[in-house]
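Chemist: Using the sequences and the accompanying hints, generate a full structural model.
So the sequences go chain by chain: A and B.
Residue 202 in the working numbering sits at position 202 of the first sequence, with consecutive numbering throughout.
Residue 107 in the working numbering sits at position 107 of the second sequence, with consecutive numbering throughout.
Be careful, since some hints might not be right.
[As the list claims (entries may be wrong)] Going by beta-carbon spacing under 8 Å, a handful of chain B positions derived as facing chain A:
id : residue
1  : Gln-54
2  : Ala-56
3  : Ala-60
4  : Gln-64
5  : Ile-66
6  : Asp-70
7  : Ala-151
8  : Gly-163
9  : Leu-166
10 : Ile-167
11 : Phe-175
[As the list claims (entries may be wrong)] Some residues of chain B that are not near chain A, with every Cβ distance over 10 Å (derived):
id : residue
12 : Glu-76
13 : Ala-97
14 : Asn-160
[What the hints assert, rightly or not] Keeping only pairs whose Cα atoms sit at most 20 Å apart, straight-line, the calculated EDC-like set for lysine to aspartate or glutamate is:
id : chain 1 : residue 1 : chain 2 : residue 2
15 : A       : Lys-169   : A       : Glu-140
16 : A       : Lys-399   : B       : Glu-103
17 : B       : Lys-161   : A       : Asp-55
18 : A       : Lys-54    : B       : Asp-70
19 : A       : Lys-305   : A       : Asp-433
It should be emphasised that the hints constitute simulated quantities derived from the structure, not laboratory data.
Ideal Cβ positions, reconstructed from N, Cα and C, are used throughout, including at glycine.
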Amino acid sequence: MQKYNPSDEVDFVVIGSGAAGGVMARQLSQAGFSVVVLEQGGWGAFGHEQDYSKDELSNRYPAEVDKLISDPSMQRNTFRRNASEKATPGGHNYGCVVGGGTVTYGASSWRHLPWEFNEASTFGTLAGTGIADWPVSYEEMERYYTMAEWELGISGERVDTPFMAPMSKPYPLPPQPIKSSGALAKLAAAKLGLTVVPNVAAIITEPYKGRGACINCGMCSGYGCQTKSRSSSAVALLPEAVATGKCEIRANAYVREISVDRSGKVTGAIYLDKTANNREVFQKAKVVVLSANGTETPRLLLMSKSARFANGLANSSGVVGKYLMSGNGGGANALFDHPLNEYKGCVTGAAVLDFVPNDVKTRGFYGGGRMTARGFTSPIAYGLGGVHGAPTWGAGYKKALIEQANRKMSISNFISQMPVETNCVDLDPDVKDAWGLPAMRITSTSHPNDFKAMEFFRDKSVEILKAAGAREVWADTISDSRGGAHSRGTCRMGNDPKTSVVNKFHRAHDVPNLFVVDGSSFVTGGRNHPTMTISALAFRAAEHLAAAAKTGDVKI
Amino acid sequence: MSEDSRRQFLIQSMTGVSTAWLAASWPQIAAAAESSWGAYSGATTQFAFFTPAQGAVVEAMAAQIIPTTDTPGAREAQVIGFIDTALMTFATGQQAAVKAGLEELSRRVSAMGAASFAALGNAQQIAMLTDIQTTPFFRAIRDLTVMGMFAAPQHGGNFNKVGWKLIDFDDSLNFHTPFGSYDV
Numbered sequence: 001m002q003k004y005n006p007s008d009e010v011d012f013v014v015i016g017s018g019a020a021g022g023v024m025a026r027q028l029s030q031a032g033f034s035v036v037v038l039e040q041g042g043w044g045a046f047g048h049e050q051d052y053s054k055d056e057l058s059n060r061y062p063a064e065v066d067k068l069i070s071d072p073s074m075q076r077n078t079f080r081r082n083a084s085e086k087a088t089p090g091g092h093n094y095g096c097v098v099g100g101g102t103v104t105y106g107a108s109s110w111r112h113l114p115w116e117f118n119e120a121s122t123f124g125t126l127a128g129t130g131i132a133d134w135p136v137s138y139e140e141m142e143r144y145y146t147m148a149e150w151e152l153g154i155s156g157e158r159v160d161t162p163f164m165a166p167m168s169k170p171y172p173l174p175p176q177p178i179k180s181s182g183a184l185a186k187l188a189a190a191k192l193g194l195t196v197v198p199n200v201a202a203i204i205t206e207p208y209k210g211r212g213a214c215i216n217c218g219m220c221s222g223y224g225c226q227t228k229s230r231s232s233s234a235v236a237l238l239p240e241a242v243a244t245g246k247c248e249i250r251a252n253a254y255v256r257e258i259s260v261d262r263s264g265k266v267t268g269a270i271y272l273d274k275t276a277n278n279r280e281v282f283q284k285a286k287v288v289v290l291s292a293n294g295t296e297t298p299r300l301l302l303m304s305k306s307a308r309f310a311n312g313l314a315n316s317s318g319v320v321g322k323y324l325m326s327g328n329g330g331g332a333n334a335l336f337d338h339p340l341n342e343y344k345g346c347v348t349g350a351a352v353l354d355f356v357p358n359d360v361k362t363r364g365f366y367g368g369g370r371m372t373a374r375g376f377t378s379p380i381a382y383g384l385g386g387v388h389g390a391p392t393w394g395a396g397y398k399k400a401l402i403e404q405a406n407r408k409m410s411i412s413n414f415i416s417q418m419p420v421e422t423n424c425v426d427l428d429p430d431v432k433d434a435w436g437l438p439a440m441r442i443t444s445t446s447h448p449n450d451f452k453a454m455e456f457f458r459d460k461s462v463e464i465l466k467a468a469g470a471r472e473v474w475a476d477t478i479s480d481s482r483g484g485a486h487s488r489g490t491c492r493m494g495n496d497p498k499t500s501v502v503n504k505f506h507r508a509h510d511v512p513n514l515f516v517v518d519g520s521s522f523v524t525g526g527r528n529h530p531t532m533t534i535s536a537l538a539f540r541a542a543e544h545l546a547a548a549a550k551t552g553d554v555k556i
Numbered sequence: 001m002s003e004d005s006r007r008q009f010l011i012q013s014m015t016g017v018s019t020a021w022l023a024a025s026w027p028q029i030a031a032a033a034e035s036s037w038g039a040y041s042g043a044t045t046q047f048a049f050f051t052p053a054q055g056a057v058v059e060a061m062a063a064q065i066i067p068t069t070d071t072p073g074a075r076e077a078q079v080i081g082f083i084d085t086a087l088m089t090f091a092t093g094q095q096a097a098v099k100a101g102l103e104e105l106s107r108r109v110s111a112m113g114a115a116s117f118a119a120l121g122n123a124q125q126i127a128m129l130t131d132i133q134t135t136p137f138f139r140a141i142r143d144l145t146v147m148g149m150f151a152a153p154q155h156g157g158n159f160n161k162v163g164w165k166l167i168d169f170d171d172s173l174n175f176h177t178p179f180g181s182y183d184v
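Modeler: Okay, structure coming up:
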């Protein structure tokens, strides 16, 4: 791998190596620019993925070097429901390894539908929310979705339905098995007149670009993929960035500040080298690309205070960290008479799409959701909390463990969450993380509209599971979001520098050479399946940025 | 299999594990391997965390949490060895609660005039555990018993994969459709 000295002024520093950072690193280095990627997490099994462990206990209690996901006891964060509460320790976490969240995610890869880019002008807004149109349209995004799907390797079925985005090209790979949960959802859908399609996933089902097809091992979401079939940034993008000879990835590099000069341009990033006693290193760069995820990105901007940017970098609007959308979920569960063996294969086999669109008049709430059929579990998780309506120990517990084994299915919903200005990420005034930096504080209460949505999807899930012939059905308790890996919206895109953080090319309105590219750019949240749109946005951002950089002026 | 060859087998199967916490915990793991063999064979046990008397109490508790019925339970899965290792590795944070809980349990048992929890009758054991089931101590032992039942066997429990067999979990990690009864 190419190495740079921190004192070498590289063309780009990219902070974060996940769904967006990986795309930026690959596209910019392939365009001939020098790139240093700074990743807070460790290497994982980058380059030797066959060593990923499917050992559930070790996955639950990984050694520091094996961690793939941030640890709230180290990457401390706090949570409160509203500004009048004192925040208490939170459990928010996110992918934290070379490749970011894509190394362990469930891999759902749904496009936004065309109207998800302009919901305000299509359906109107809603009081108490910041619903607005994006400064990009689906028509403009379509080719970048296609690019992302083909460059990464996405499996799925192009279905002609108003519930899926129109595609100029089919998915490069056929869909994964729909599993028993999907088959049961189909059975119910036939009775109820619903549309069920196979999941769209960043998991390859046939050999693709030198990687092998998924072997349906089952230890999927939450685990590294040892066959490299999950099309993560770490296997589908970063190796190609490194292969250009222009890109260096530095793991264990925890950025604490993006530096600026007197003219207000960024000059690089200061990071703690976790492999060298947290020694501070300043990496000089002409341009900084911030792709640290929807919660760490605003935190870093808020930590990057200076005389010129007293409110935090790129925050003249005061919008950095606001309009946080982590997404809501919940649904229902059921037991069936015969084994489904949902532990085999990927997490989600199929999705019910009918309630993706807005239908405020009929349903009484704004937004929608994607319903997924699943039942994924693993032995320890099942033993600890998986049996329903039984004691937690003793003969009755054991009997239920045996009787219910592999017979459970769930409908898990991915539901829109309204952008609300007071839902935010900021810096906790008291709590520090394990490195002495201000802990992230999350403040969030969903809009009352979102509770109506959750109730609708809960009831619909019960209806579907009953129609599928379940022996017993029970609903999840409605619970409001507390953060999590799907967080987005915190550096929203827009044409007006007073109400948004980045412009339509992802350049910070306030800074000529700072680009913010990740879920934080979202204006509205979609249906809580953000990753494919993050990837497509990054392909688009990289194309514009590379073209501008070639002219010597990135102020686009 | 002789005791020596069985122990050798356990050691070999554990060295195949790549995770660093296991490597770092090697002495404890080795001790746990001996203890789990001991529990299985009835030979003198050597625990890393428990005294032999405490080990017998916790093993009796585990045997109530997942009892032996017409199918194997926690005892056959040798979860006691797993729990002992756990308390020296990833569950060190629960050592204090477990120690305190064992002392309290011992006081209660003495007050009943019994020699040890393990010596109580089945109904008495269940009654006593029901009494303490909301304590951090019981919760810790309950969760560690379940983990020991269902974690990969190289961690000391789930002996002969009896836990996985109980819930019909196939660990071959390479499946073809149909996966389940309803696949189409």
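Chemist: Now tell me if each hint is right for this structure.
Modeler: Results of checking the hints against the structure:
| no. | hint | in the structure |
| --- | --- | --- |
| 1 | Gln-54 | violated, 19 Å |
| 2 | Ala-56 | violated, 19 Å |
| 3 | Ala-60 | violated, 13 Å |
| 4 | Gln-64 | holds, 6 Å |
| 5 | Ile-66 | holds, 5 Å |
| 6 | Asp-70 | violated, 10 Å |
| 7 | Ala-151 | holds, 4 Å |
| 8 | Gly-163 | holds, 7 Å |
| 9 | Leu-166 | holds, 6 Å |
| 10 | Ile-167 | holds, 4 Å |
| 11 | Phe-175 | holds, 4 Å |
| 12 | Glu-76 | holds, 12 Å |
| 13 | Ala-97 | holds, 17 Å |
| 14 | Asn-160 | holds, 15 Å |
| 15 | Lys-169/A / Glu-140/A | holds, 15 Å |
| 16 | Lys-399/A / Glu-103/B | violated, 31 Å |
| 17 | Lys-161/B / Asp-55/A | holds, 14 Å |
| 18 | Lys-54/A / Asp-70/B | violated, 30 Å |
| 19 | Lys-305/A / Asp-433/A | holds, 18 Å |
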